[in-house]
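Top to bottom, those sequences are chains A and B.
Just remember that our numbering sits 69 ahead of the position in the first sequence, which is counted from 1.
Just remember that our numbering sits 26 ahead of the position in the second sequence, which is counted from 1.
Heads up, a few of these hints could be off.
[Said to hold, decoys possible] Dumping the calculated DSS-like pairs for lysine-lysine here, alpha-carbon to alpha-carbon at most 27 angstroms:
{"id": "1", "chain 1": "A", "residue 1": "Lys537", "chain 2": "A", "residue 2": "Lys324"}
{"id": "2", "chain 1": "A", "residue 1": "Lys438", "chain 2": "B", "residue 2": "Lys178"}
{"id": "3", "chain 1": "A", "residue 1": "Lys422", "chain 2": "A", "residue 2": "Lys106"}
{"id": "4", "chain 1": "B", "residue 1": "Lys80", "chain 2": "A", "residue 2": "Lys422"}
{"id": "5", "chain 1": "A", "residue 1": "Lys565", "chain 2": "B", "residue 2": "Lys123"}
{"id": "6", "chain 1": "A", "residue 1": "Lys77", "chain 2": "A", "residue 2": "Lys548"}
{"id": "7", "chain 1": "A", "residue 1": "Lys106", "chain 2": "A", "residue 2": "Lys548"}
{"id": "8", "chain 1": "B", "residue 1": "Lys121", "chain 2": "A", "residue 2": "Lys610"}
{"id": "9", "chain 1": "B", "residue 1": "Lys228", "chain 2": "A", "residue 2": "Lys627"}
{"id": "10", "chain 1": "A", "residue 1": "Lys627", "chain 2": "B", "residue 2": "Lys37"}
{"id": "11", "chain 1": "B", "residue 1": "Lys32", "chain 2": "B", "residue 2": "Lys178"}
{"id": "12", "chain 1": "A", "residue 1": "Lys77", "chain 2": "A", "residue 2": "Lys106"}
{"id": "13", "chain 1": "A", "residue 1": "Lys565", "chain 2": "A", "residue 2": "Lys77"}
{"id": "14", "chain 1": "A", "residue 1": "Lys95", "chain 2": "A", "residue 2": "Lys610"}
{"id": "15", "chain 1": "B", "residue 1": "Lys268", "chain 2": "A", "residue 2": "Lys422"}
{"id": "16", "chain 1": "B", "residue 1": "Lys178", "chain 2": "B", "residue 2": "Lys123"}
{"id": "17", "chain 1": "A", "residue 1": "Lys173", "chain 2": "A", "residue 2": "Lys673"}
{"id": "18", "chain 1": "B", "residue 1": "Lys121", "chain 2": "B", "residue 2": "Lys178"}
{"id": "19", "chain 1": "A", "residue 1": "Lys610", "chain 2": "A", "residue 2": "Lys673"}
{"id": "20", "chain 1": "B", "residue 1": "Lys123", "chain 2": "B", "residue 2": "Lys228"}
{"id": "21", "chain 1": "A", "residue 1": "Lys537", "chain 2": "A", "residue 2": "Lys409"}
Simulated from the structure, these hints should not be mistaken for lab results.
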Amino acid sequence: MTITFNSKIPAGAIGDKWATYKEDAKLVAPGNKRKFKVIVVGTGLAGASAAATMAELGYQVDVFTFHDSPRRAHSIAAQGGINAAKNYQGDGDSVHRLFYDTIKGGDFRSRESNVHRLAEVSVNIIDQMVAQGVPFAREYGGLLDNRSFGGAQVSRTFYARGQTGQQLLLGAYQQLARQIGLGNVRMFNRTELVDVVTVDDRCAGIVTRDLVNGEVVSHAAHAVVMATGGYGNVFYLSTNAMACNVTAAWRAHRKGAAFANPCYTQIHPTCIPQSDPTQSKLTLMSESLRNDGRVWVPMNPDESRSADQVPEAERDYILERLYPSYGNLAPRDVSSRAAKRAVDAGLGVGPLKNGVYLDFSDAVNRLGKDVVEERYGNLFQMYERIAGENPYDVPMRIYPATHYTMGGLWVDYELMTNIPGLYAAGEANFSDHGANRLGASALMQGLADGYFVLPYTIGNYLAPMLNKPIPGTDHPAFKEAELAATARYQGYVDIKGSRSPDYFHREVGRIIWDYCGMERTQQGLEKALSELPALYEEFQKDLRVTGNAESMNQTLEKAGRVDDFFQLGMLMCRDALEREESCGGHFRAEYQTDEGEALRDDEKFAHVAAWEWTGDPTKSIRHSEELNFEAIHLATRSYK
Amino acid sequence: MSNHLKNLKLKIWRQSGPTDTGHFENYVMDEISDEASFLEMLDVLNEGLIGENKLPVVFDHDCREGICGTCSLMINGQAHGPERSTTTCQLHMRKFKSGDEIVIEPWRASAFPIIKDLMVDRSAFDRIIESGGYITAPTGGAPDANLIPIPKTVADAAMDASQCIGCGACVAACPNGAANLFTGAKIAHLNLLPQGQAERFKRTEAMVETMDEYFGSCTNHGECEAACPKEISIDVIALMNKDYRKSKLKNRKEISRT
Ligand SMILES: Cc1cc2nc3c(=O)[nH]c(=O)nc-3n(C[C@H](O)[C@H](O)[C@H](O)COP(=O)(O)OP(=O)(O)OC[C@H]3O[C@@H](n4cnc5c(N)ncnc54)[C@H](O)[C@@H]3O)c2cc1C
Ligand code: SF4
Ligand code: FES
Chain A
70 MTITFNSKIP AGAIGDKWAT YKEDAKLVAP GNKRKFKVIV VGTGLAGASA
120 AATMAELGYQ VDVFTFHDSP RRAHSIAAQG GINAAKNYQG DGDSVHRLFY
170 DTIKGGDFRS RESNVHRLAE VSVNIIDQMV AQGVPFAREY GGLLDNRSFG
220 GAQVSRTFYA RGQTGQQLLL GAYQQLARQI GLGNVRMFNR TELVDVVTVD
270 DRCAGIVTRD LVNGEVVSHA AHAVVMATGG YGNVFYLSTN AMACNVTAAW
320 RAHRKGAAFA NPCYTQIHPT CIPQSDPTQS KLTLMSESLR NDGRVWVPMN
370 PDESRSADQV PEAERDYILE RLYPSYGNLA PRDVSSRAAK RAVDAGLGVG
420 PLKNGVYLDF SDAVNRLGKD VVEERYGNLF QMYERIAGEN PYDVPMRIYP
470 ATHYTMGGLW VDYELMTNIP GLYAAGEANF SDHGANRLGA SALMQGLADG
520 YFVLPYTIGN YLAPMLNKPI PGTDHPAFKE AELAATARYQ GYVDIKGSRS
570 PDYFHREVGR IIWDYCGMER TQQGLEKALS ELPALYEEFQ KDLRVTGNAE
620 SMNQTLEKAG RVDDFFQLGM LMCRDALERE ESCGGHFRAE YQTDEGEALR
670 DDEKFAHVAA WEWTGDPTKS IRHSEELNFE AIHLATRSYK
Chain B
27 MSNHLKNLKL KIWRQSGPTD TGHFENYVMD EISDEASFLE MLDVLNEGLI
77 GENKLPVVFD HDCREGICGT CSLMINGQAH GPERSTTTCQ LHMRKFKSGD
127 EIVIEPWRAS AFPIIKDLMV DRSAFDRIIE SGGYITAPTG GAPDANLIPI
177 PKTVADAAMD ASQCIGCGAC VAACPNGAAN LFTGAKIAHL NLLPQGQAER
227 FKRTEAMVET MDEYFGSCTN HGECEAACPK EISIDVIALM NKDYRKSKLK
277 NRKEISRT
């Protein structure tokens, strides 16, 4: 299939595009909707909201998740909040301001038209979620409360304690459950998408594997939505849930869907550092802690005294020294890099010397323990449970970790990939956050895509297909994909080598983190691109999966996911190598200002890199979609 | 700082599938860091088993942050183990001592059939939600979110109830295998809110009766509350019972009126 990139941006002024699109979109009459089958893969905010809305409209919807229940999707773990341009605080927020902040936060690497639509529908999301019973935080007068988040000068973040993602996901899950109960949705739990099928250059359906009994089955549909989340687990250690993986998006990529900007990954500065080699994941601590905590490391790399015994004169408050105007509240990427440089220089703290202190002793002295407890009590408890230390007595130790991926399947204005009939929503697409996502904007995007965008754009695609037959699962393309999937999983079992999938996952993760993590260089990326294929070859020869492919086998599930992480990892490094500039989360050491800030190259790189699969993950073809900034002028991203 | 526990004796339930009778198997964990979480300890065990060409122990888990509700496990007879208000994934090995014997079993309840080893099928919970655990609010028609002010105390009480993670510990801890805490939590969340009033009694009746189809009945042992990692209060059950009684009256009246 030859790739054509038509972003299908509607004509007109930026503020009119979405309204114009909706007016012009083709419609499917209510009575005809049930003649269409739509598949939704994923039940996070994006998938659950899309599936519930389309089922409500009357489409036949089949929904898939590898989890044991749709309520477990990783969206459940989001803590901080969700943005919306409601301007309930009367502090000057507006759709335009949210649009502007998102474009700027993304370092001018996202598509204006999509971002504007996101800002427009953000207000509907809050109405919708409140109507469903999401218990957002309220003021004493009974109105909704807001907080502010990084990268914004207004308070536009809605929240439900420290569990905003949980409450939003339960809201969307309950709408989905209602449709399941009514018989409008068929729900397939513990079922993993293992391939995407195209017939005549159109997406014809998917192939799944039942995780309980290993059965490989085809499903045909008029349209397929991938709402399968991000790929942060390519790093092995990240704040993502253990099962998050790239398989669904990657299998679509291998069938012709372009993968956009894979090197745009986001590192969060305040996570609890790894404590021992068996560690399986990292836990995020809310960024709000940096309001009162001071980041420091001892000046002496051989410091052996406990933190409180190190005199002031022998401490380096790195952020306060390097960024006097921002201090401990320097932006996410900048703070992360400062911590990494300190640890790389041997100044790290803790038993593994892999963190920096986040010290609250000044805050306790200044404000009193009670105030600190009121502000951060929950977080301190969580820290103590994990790290086994009491942050009132000993400073917290923190270190950056991967937690979001801006890259993903390339989609046009309609959220359709370059394969007609195949859509991508939520973190799985690349669409709205450019090279860096603002806090509290992922939840907003997932729900915008699922509730307010896809239901319109999919209708526009389906309308002309009314009463036209589509290929069924007896089509040879399905049979071929089933055989290939069965052979793939049996293949892992048959290698009978000596190393577990986890071993290889750790090794790929280490390479990607070292060379394609917080700071990238040409030399490092080239090194990764020579090490990864060698390790991949070892994986293909020396993998060990015990048990069989015909029963519940978690080692086998993992093997398939790690295989796809290898291939994605190679593409990430290629993408990072070819993007010879620094922007947002992509920091190339060669391209920085004298102050160590990211240095963009708008002449050469004001575009989306969309990669085409060729069969060899080191030889993918790079295409580009130019980004035009009409409503907002390209400017240096500065928060000074 | 990091210490190592030595010589842990693990007694783990192994069951190859739903129809297998299952049995305990003994393992010795020579050494494990006390920084490791309980599930990381099982990860280490499993890598060792793969190394010996054996089948690793199957268990459910995902977020490992105490929020997704996927992890389970009866640890020494306690749902989610010995630490209060803590899910299994947030339990750390520093709560144990060298030489300890640790018995690990799946949730045991007739409504949660075992799939394999420590993994059970909790989809009966989804059936309860599908029967009424929602507010009907089709996309697009919602009024402005600040149109109905909700007193902070009401919003907070709804939030307390809606923190349930759907883990099933309450059912596993209950001698009768009842799901009243789980069901009551969802009913309380929705029935407390002004938006939830229209469907209040219809919801309660449907959810309680679906619950009764799958789960045992509550005889007020209170074990559920003690086991709940999210500290859901047993008061939600009282609210559910009250609304259920009323629903019998209200729903009947409505029917006779039509
Ligand atoms: C710790 C943490 C905190 C965060 N906090 C915030 C915050 O405060 N605010 C904010 O805006 N964002 C936050 N984010 C980001 C945000 O949570 C996610 O980006 C967002 O929830 C993703 O939603 P989603 O619907 O795209 O995907 P997910 O919720 O990840 O759902 C993916 C779904 O796809 C399914 N799936 C995937 N692959 C397959 C397959 N092959 N077959 C079948 N099913 C499959 C999964 O089972 C799951 O149901 C946070 C992220 C992390 C990690
Ligand atoms: S009520 Fe508590 S124990 Fe029961 S499912 Fe909910 S969180 Fe788990
Ligand atoms: S794994 Fe998510 S709650 Fe334990």
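Subject >> Hint check, failures only >> reply: Violated hints (numbers, rising): 3, 4, 5, 6, 8, 9, 11, 13, 14, 15, 16, 18, 19, 20, 21; every other hint is consistent with the structure.
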